[in-house]
Amino acid sequence: MTRTFLQFGCGNMGGAMLKGWLAGGLAPEGFTVVDPYLESAPQGVRLLQTASEGEGAFDVVLLGFKPQQLPDAAAAVRPSVGPQTLLLSILAGVDLATLRSAFPEARAIVRVMPNLAAALGKSPIALVGEADAAARAEIDALMAPLGQAEWLSGEDQMDLVTALAGSGPAFVYRVIDALAEGAAALGLPRDQADRLALSMVEGSAMLAAASEHNPGELARRVASPGGVTQVGIDVLDKDARLVSLMTDTLRGARDRSAEMTAQARAKA
427 MTRTFLQFGC
437 GNMGGAMLKG
447 WLAGGLAPEG
457 FTVVDPYLES
467 APQGVRLLQT
477 ASEGEGAFDV
487 VLLGFKPQQL
497 PDAAAAVRPS
507 VGPQTLLLSI
517 LAGVDLATLR
527 SAFPEARAIV
537 RVMPNLAAAL
547 GKSPIALVGE
557 ADAAARAEID
567 ALMAPLGQAE
577 WLSGEDQMDL
587 VTALAGSGPA
597 FVYRVIDALA
607 EGAAALGLPR
617 DQADRLALSM
627 VEGSAMLAAA
637 SEHNPGELAR
647 RVASPGGVTQ
657 VGIDVLDKDA
667 RLVSLMTDTL
677 RGARDRSAEM
687 TAQARAKA
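Residue 427 is where the sequence shown starts when you use our numbering, and the numbers rise one by one after that.
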């Protein structure tokens with residue numbers, strides 16, 4: 427029997443998750459997407475402009491609309507959520523208490539923080555929620571086609587993980603861009619610098635993912651004392667400025683996520 431999925435909202439992140447699920451072998455006939463702004467869906471996936479009446483509850487419901495739309499959207503979603511439903515939310519800043527108040531019938535409610543690499547099965551996925559051992563096992567299986575799932579010990583970690591795993595790709599892209607811009611400033615043609623920087627980061631990430639050593643140790647192993655790489659690392663490490671920059675970056679994103687959580691709670 428095919429498990430039934432309802433995706434309420436299918437923007438960039440929801441679309442990436444759908445693509446990852448389908449690439450991972452889940453049957454497209456099991457998916458219903460409700461999104462008034464989506465012109466088409468993958469073959470076999472049912473696309474609706476508005477939620478259909480009288481369909482009953484789905485096995486899995488993914489909330490993928492804008493967080494500020496929850497008060498209005500909850501009434502439309504609620505008939506699709508029943509005692510067997512695993513409710514997954516990618517709504518930034520909307521806490522578990524707010525979700526439980528909106529969907530009291532759900533079997534389990536879990537906040538999910540992936541990123542766009544879910545489409546490739548390479549996303550870090552942070553999970554936190556109200557789910558027993560059986561529901562957690564089902565959710566782990568659901569996340570497997572999308573990437574590496576990590577259950578958090580508490581919801582208070584979600585804002586920081588949002589900054590690291592959710593917003594992190596944008597920070598990495600800026601680092602890649604900065605490497606290319608620096609190389610261009612020192613004499614390489616910009617298009618060539620872009621290609622080299624991107625290829626270097628791709629290969630480095632793949633090697634790091636396959637290595638038994640952590641990234642700090644890998645950096646040490648690449649650098650020879652007094653060599654070219656070590657001089658560059660010394661620049662990055664001077665006054666701990668790289669760590670300070672990353673800490674400030676994550677702090678700013680984390681604090682904004684916390685503000686959004688507070689605002690969502692106040693409107694609930």
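To be clear, the hints were calculated from the coordinates, so they are not data collected in a lab. Idealized CB from N, CA, C, for every residue including glycine. Take these hints with a grain of salt, some might be off.
[Stated by the list, open to error] Per label pair, the in silico range of CB-to-CB distance:
1. Asp566 <-> Ala596: 35 to 41 Å
2. Glu465 <-> Asp603: 43 to 49 Å
3. Leu671 <-> Arg562: 20 to 26 Å
4. Ala453 <-> Pro497: 42 to 48 Å
5. Leu578 <-> Asn640: 18 to 24 Å
6. Asp566 <-> Leu671: 41 to 47 Å
7. Gln583 <-> Gly613: 23 to 29 Å
8. Glu607 <-> Gln510: 48 to 54 Å
9. Ser466 <-> Asp603: 47 to 53 Å
10. Ala502 <-> Gln689: 28 to 34 Å
11. Leu578 <-> Ala634: 21 to 27 Å
12. Gln583 <-> Gln689: 28 to 34 Å
Here is what the structure says about each hint:
no.	hint	result
1	Asp566 <-> Ala596: 35 to 41 Å	27 Å, violated
2	Glu465 <-> Asp603: 43 to 49 Å	31 Å, violated
3	Leu671 <-> Arg562: 20 to 26 Å	36 Å, violated
4	Ala453 <-> Pro497: 42 to 48 Å	33 Å, violated
5	Leu578 <-> Asn640: 18 to 24 Å	21 Å, holds
6	Asp566 <-> Leu671: 41 to 47 Å	34 Å, violated
7	Gln583 <-> Gly613: 23 to 29 Å	44 Å, violated
8	Glu607 <-> Gln510: 48 to 54 Å	52 Å, holds
9	Ser466 <-> Asp603: 47 to 53 Å	32 Å, violated
10	Ala502 <-> Gln689: 28 to 34 Å	22 Å, violated
11	Leu578 <-> Ala634: 21 to 27 Å	23 Å, holds
12	Gln583 <-> Gln689: 28 to 34 Å	19 Å, violated
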